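> Each chain, letter by letter, is given below.
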Amino acid sequence: MGEILSLAANNLISPIILSFALGVFAAFARSDLTIPEAVAKGLSIYLLFAIGFKGGAGVAAHGVDAKLVGSLVAGLVLSAVLPFVAFAMLRAMTKLGTLDAAAVAGHYGSISIVTFVAATSLLNGRGISSEGYMVAVAAVMEAPAILSALWLVVRSGRGADMDAGLMREILLNGSIVLLVGSFAIGWITGEEGLAQISSFIVAPFQGVLCLFLLDMGLVAGRGLRESRGVLGAGAVVFGLTMPLVGCLFGLAAALLLGLSLGGTVLMMTLAASASYIAVPAAMRVALPEANPSIYLTLSLGVTFPFNLTLGIPIYAAIAAAILGG
Amino acid sequence: MGEILSLAANNLISPIILSFALGVFAAFARSDLTIPEAVAKGLSIYLLFAIGFKGGAGVAAHGVDAKLVGSLVAGLVLSAVLPFVAFAMLRAMTKLGTLDAAAVAGHYGSISIVTFVAATSLLNGRGISSEGYMVAVAAVMEAPAILSALWLVVRSGRGADMDAGLMREILLNGSIVLLVGSFAIGWITGEEGLAQISSFIVAPFQGVLCLFLLDMGLVAGRGLRESRGVLGAGAVVFGLTMPLVGCLFGLAAALLLGLSLGGTVLMMTLAASASYIAVPAAMRVALPEANPSIYLTLSLGVTFPFNLTLGIPIYAAIAAAILGG
Amino acid sequence: MGEILSLAANNLISPIILSFALGVFAAFARSDLTIPEAVAKGLSIYLLFAIGFKGGAGVAAHGVDAKLVGSLVAGLVLSAVLPFVAFAMLRAMTKLGTLDAAAVAGHYGSISIVTFVAATSLLNGRGISSEGYMVAVAAVMEAPAILSALWLVVRSGRGADMDAGLMREILLNGSIVLLVGSFAIGWITGEEGLAQISSFIVAPFQGVLCLFLLDMGLVAGRGLRESRGVLGAGAVVFGLTMPLVGCLFGLAAALLLGLSLGGTVLMMTLAASASYIAVPAAMRVALPEANPSIYLTLSLGVTFPFNLTLGIPIYAAIAAAILGG
Amino acid sequence: MQTHKAKRVEIIIEAPMERRLTKALADAGVTGLTVLPVLGGSGRSGRWSREGQVSRAGGMVAVVCLIRPDRLDRLLDAAFEVVERHIGVVSVSDCEVLRAERF
Amino acid sequence: MQTHKAKRVEIIIEAPMERRLTKALADAGVTGLTVLPVLGGSGRSGRWSREGQVSRAGGMVAVVCLIRPDRLDRLLDAAFEVVERHIGVVSVSDCEVLRAERF
Amino acid sequence: MQTHKAKRVEIIIEAPMERRLTKALADAGVTGLTVLPVLGGSGRSGRWSREGQVSRAGGMVAVVCLIRPDRLDRLLDAAFEVVERHIGVVSVSDCEVLRAERF
Ligand SMILES: Nc1ncnc2c1ncn2[C@@H]1O[C@H](COP(=O)(O)O)[C@@H](O)[C@H]1O
Ligand SMILES: Nc1ncnc2c1ncn2[C@@H]1O[C@H](COP(=O)(O)O)[C@@H](O)[C@H]1O
Ligand SMILES: Nc1ncnc2c1ncn2[C@@H]1O[C@H](COP(=O)(O)O)[C@@H](O)[C@H]1O
Ligand code: NA
Ligand code: NA
Ligand code: NA
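Residue numbers (numbering that gives the first Met the number 0), protein chains in the order written: chain A, 0 to 324; chain B, 0 to 324; chain C, 0 to 324; chain D, 0 to 102; chain E, 0 to 102; chain F, 0 to 102.
To be clear, the hints were calculated from the coordinates, so they are not data collected in a lab.
Note that the structure is a prediction, hence the values are computed from the model and not measured.
Each hint should be verified, as a subset may be incorrect.
[Stated by the list, open to error] Heads up, simulated DSS-like pairs for lysine-lysine below, C-alpha to C-alpha not over 30 Å straight-line: (1) F:K4 with E:K22; (2) E:K4 with D:K4; (3) D:K4 with F:K22; (4) D:K22 with F:K22.
[Stated by the list, open to error] Part of the chain C face toward chain E, derived, beta carbon under 7 Å: (5) R154; (6) A280; (7) V284; (8) P287.
Positions of the beta carbon are idealized from the N, C-alpha and C atoms, including for glycine.
Required output: the full structure, derived from the provided sequences and hints.
Structure (C-alpha cells):
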C-alpha cells in the first residue's frame, strides 16, 4: 500500500498530471483560459495518429504475436460485458432511471484513449515495454459497449433511435478510423517509417500531451462546475469504484491471455476507463432523453481524473504484485 | 519499366502516401474524420514557411547559380504556355465547353506545392540534392497560367471578370507571399538562421506532411464522392495524361538550362502538377459560370493522387535515364 | 553608439524579426495571407506554456533567490507607477483627452510577453543567462497598470465601468493563469520535468516564435493600415520615447535589486514594453468610450516593432555598459 | 429591385443530428440550406459552450433555409420529425428574396 | 404544423461583453439564447476582422434570443443596459416558433 | 423601449467575393455590416462543407446588414451587381432596431 501511494505521488507530480490540474483549477477559478476547439481537435488528431503509428510500428518490429487475435476478442467481450456490470451497479447504488443508467453504463464499457496514452507514458517512464497491438485492442473496445447500452434500453421496453446510419457512424467514427488507420500505416511501413517521422510523433509527444491534458482539465472542470448537484453521492461513488471493478475484469483477461506486465496494465486501464467522445455523441443521437450532464460529468469529471492520478498507478501496482515486475 | 514500377511501389508504402490513402478511404467510407479547417490552414502555413526557408537557405549555402534567372524565366513561360496545351487536349478529348475547358487548363499551367514537397521528400530519401531556388520557380509558376486561362476565354468572345483587384489578389495570394517571403528570409539569414530553427522546420517536417496529406486525402476523397458522374471518361484520361505531357515540357526546360538531376525532377514535377488552391479561388471570381466540381475534382481527385503515387517516381526514373543518376 | 547599431543590425536579420517584417509587408501589400485565429491562439498558448515552464524549471535548478520577492514587488510597483508617467507624457505631447490618454497609459504600465520572449531569445543567442523568475515578474506586471489607468479616469470625474467581475477577469486572465501555472509546473517538476518535454518546449521554440511573429506582423500591419491618420505625430513620438523612459525605470529597479546582466535586460524590456492583449480587453469593458484604434495602434503598431527591432538591443547595450558584460 | 415572398426557417440543433436533419430536409424536397456554426448557448437543458469542447457531443449548429411559402409545411413536418425528441429550437419568419427562380 | 408567435432578438456585441450580456439576460428571466461567432464587420467605429486577431479585445459575437412577445420589453431593457455605452447593434423581428412550451 | 423600423438583409456569398461585396456596399453608402462564418450548405450547385477545406475557393460567408428602409433599394442594387453571376442567396426581412441614430 505504501509503495502504491509513493508511486502514485510520483505520478502526481509529472508535467502531464499537473497540466490537467492547472486546467481544472483555471475552470474552477472561472478564468477565461481556453484552448480553441480547432486546436484541441488538432492535438487529439496528433495523439491518435502518433499512438496508432507507434503501436503498428511496434507490431512490425516484434512480429505478430499469437495473442493478438485473442486480445482483440477479449477486448470485444470486455466492452460488450462491462456495461451490464456497470448497469447493475448503477441500479443498486444510485437512483438513476433505466435510460440514464444505460447511457452511463455504455460509457464504462468503452474506453478513453487519453487514459490509455497516460498509462503508456507511465510504463515508458518506468522502462516497461508492452504489446504494440494494445492500440488495436483499444480501437475494438470503442464501439461494442454502445450496442450493449442500447440493448439494455430496448429490453426495458423503451425506444432507442438505433438505425443503420448510427451503426455506421459508430464504427466509422473519426477516432476509430484514425487510430486503426495509423496503426496499419505504422505496421506496413515499420521501423523505417517510424524513423522517418519519429521527430514528429515520438520526441514532442509528452509535451503535446501536456497541452491536451490542460484542455481536458478545462473541459472537465467546467463540466463539473456547470453540473454541480447533478450527481448524487451514489453516482460519484460509482464513478470511483467502477474503474476498480473494471480493472479486475481486464486483469482476468490479461492473465488468461498471458500478456506481458505492460500489456496487463494497459488491458486493465482500458477496462477501467470510460469514454467521453465516441459514446456521448452516439447517445445524443440514439438516447436523446438521457441527460448528458450525468454521463459526461461522471466519465470526464470523476472517472477520468481518478484514473489519471490514482487509478493507473494502482493498476500498475496490482499487475506488478501478481506478475512480479 | 520494371525499375520504375519497383521504385513506384517503394514510394507507395511511405507514411506520406499511406496517410493520403487513409484520408481517401475515410472519405469514401463516409467516416466523420475531419481535420478542422484552421488546423489544415496552419499545417499548410507551416509547410510553405519551411519549404520556402529551406530553399532560401539552400541558395545562401550554394551561392546564386547562373541558372537561377533562367529557371525563373522558364517557369514563367511553362506556366503561361501549358494552359494552351491543356486547352487543346481538353477540346480534343472531352466535351467540355470553352469556359470549363479554359478553367481546367488554367489549373494545369499552375502548380501544386504539396506535389513539389512530395517530390523533394522522395529526392531526399534517395539522397539526391537539388537547386534550392526551385522553390522560387514554383512561386513564379503559380500565377501566369491564370492569365492564359482568362485570355482563352476572352478570345472566344465570352466575358471574364478580370479587374485590377483580381490581378493584385492573384499575385499577392497568401501562399505566394509566404513562400517567397520565407525564401527571402532563408536566403538572408542563411545557414545560421536555418540552424536556429531547424528543429522546427526540418526535423518534424515529414510527420507534419503526413497529417497534411491525410487531410488532402479526405478533401480529395469527399470531392470525388460528391461529384461522381461529373467527369466523363475523357476528362479522367486527360487528368492522367496531361501530367505526363507537362513533365516532358518541364524536362525540355531543365535540359536546356542544364539543371542537376534533382532540379530536373522538380521542374518536371512542377510542370506536371495542377493547382488546387490559388487557381480555383481566382476562377470563382473571374469565371463564376465555370463549374468548380470539374476543375477541383480533376486537379485534386485525379491528377494530384496520380502525381503523388506514380507520377513522381516516373519523372525521377525518366530524368535518371536521361541524365544518368 | 556604433556598437549598439551593429548589434541592432545583427538583431534585425534574425529569422524572428524578418518574419515579423514579412507579416507587416504582407499586410501593407493587402495580401490575403492570414494565420487562422485558432492557430494564432494555439501558438500563443504554446509560447506562454513553454516560457512559463522554462522559467519555473530555471528557478528549480538555481534555487530561490533572495531577490525573487524583491523583483516581484518591483514589478508590481513599476506596473502601477508607469501609467502615471505615461499619462503625464501623453498630456504634454499629444492632444488626447483624459479617457484616451488614460487608456493608452494603462497599456504602457503592463507588458508584452512576446517582447519579453524576444529579449530572452536575444540573450540566449549571446549566451547570457538570466533569473528564471523574471517570467513571474512579467506575470505580476500584467494587471496593476489597469487599475492605475482606471484610477486616472475616476480621478478626473469620469465614470469607469469597474466592478468585481472585471477585477476577477483581469487577475484570472487566461494568459496570466497559463503563465503562472506553467511556471509552477516547471518549478515543481524541475529538471526532470523539463527533460521529459524539452523536445517540445525547447527545441522548436524559435521556429514557433517565427510563425507567431509573422502573425503579429500581419495584425500590426493591418492595424496601422486601417487606422492611418488616427495617430498624430505627438502620439507616434510618445510610442517611441515612452519605451526608452520605461526602460530607465526598469534599469533603476534592476540596479536596486542587484539583478544579473540578463535579468536587468529583461526588467528593462518589461518596463519598456506595452500590452496588446490583456489591457485592451479590459479597456473595452471598463472604458468603452476610449478609442481602441489609438491604444492598439500605438502599442502594437509603434512600440512593439520598435522594441523588437531597436529597443531590445539598446536596452542590452545600456545594461552591458553599466554592469559590464 | 424585384423581390419575392419567402420564408426563412432557422433550426438550432445538436451537431450529431445535422446529417439526419439535412437528409430529412432533402427527402422533403428542400434543396437549399446553409449551416452556420454556433459557439454556445443556453436553454432548458442548461448552458453549454464550445470552448475546449473535445467532443462533437456538446456542440450545436444553426441551419437556415429560405423557402417558398407553399413549401413551408412540408419542411416543418420533416424538421419536426428529426428534432422532436431532441433539444433545440425551430423558428420561422417572413422574408423577401431576390432571384426567386432559385428557390 | 402548429406554430406560435414569438420575437427573434439579435444582438451583435463585443466578445469581452458576452458574459455580462448573458448574465443580464438571465437575470431578466431570459433562459434561452444562442451565441454565434462573427468573422468581421464594419460600423461607425470602423472596420475590423477576426483574421490573425490574437486578442479577444477586437472580436464580436452575435447573440440570438427567441422569446415570447410579452417578454420582449424586459429583454430589451436588460440588453440595452449592457450595450448602452458599447458598440454593437440590437435588432428585433417577428417570427413563429414550433414547440411553444419551450419559450 | 423605443424601437425603429429597419430592414435586415442577409447575403450568403462565396468567400472570395466577400471583399468585392463589402466594397460595393460601402460604395453604395452602406457603412454597417457584420460577416458570419458558414460551415456548409447546399443549393443548386450541389452540397459543400468546410470540413477539411484547404482552399478559400469553396467556402461561403453570410453578410448581415441592418439598414433604414429607404436605403434598401440602393443596397439591393449594389449587392445584386456583385452576386448576379455568382452562386448564393439574398434575403430581406422587416425588423426593429434600438438606437436608430446608428443606422
Ligand atoms: N429561446 C431560445 N432562443 C435562442 N436559442 C435557444 C433558445 N432556447 C434554446 N436555444 C438553443 O437551443 C439549445 C438547446 O435548448 P434546450 O432544448 O432548451 O436545452 C440551447 O443551448 C440554445 O443554443
Ligand atoms: N447596420 C449594421 N448592420 C449589421 N451590423 C452592424 C451594423 N452596424 C454595426 N454593426 C456591427 O456592429 C459592430 C460595431 O458597430 P459600431 O458600433 O457601429 O462600430 C460592427 O463592426 C458590425 O459588426
Ligand atoms: N434556399 C436556400 N436557403 C438557404 N441557403 C441557401 C439556399 N439556397 C442556396 N443557399 C446557400 O447558397 C449556396 C449556393 O447556393 P446555389 O447558388 O443554389 O448553389 C448554398 O451552398 C447555400 O449555402
Ligand atoms: Na472501459
Ligand atoms: Na503545372
Ligand atoms: Na511596460
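> Are the hints correct? Go through all of them and say.
For each hint, the structure was consulted:
For the hint pairing F:K4 with E:K22, the CA-to-CA distance comes to about 28 Å; that is within 30 Å, so the pair holds. Distance hint between E:K4 and D:K4 is fulfilled; the C-alpha atoms sit about 19 Å from each other, no more than 30 Å. As the CA atoms of D:K4 and F:K22 are separated by approximately 28 Å, the hinted pair is consistent with the 30 Å bound. Our distance criterion of 30 Å between C-alpha atoms is broken by D:K22 and F:K22, whose separation comes to about 37 Å.
Restraint check, C:R154 versus chain E: the minimum CB separation of about 19 Å is more than 7 Å; hint violated. Satisfaction of the interface hint for C:A280 is found here, the shortest Cβ-Cβ separation to chain E being roughly 4 Å, below the 7 Å cut-off. Nearest Cβ of chain E to the Cβ of C:V284: about 5 Å, under the 7 Å cut. The hint holds. Residue-level restraint check for C:P287 holds (minimum Cβ-Cβ distance to chain E is 5 Å; threshold 7 Å).
Of the numbered hints given earlier, the model fails hints 4 and 5; all others are met.
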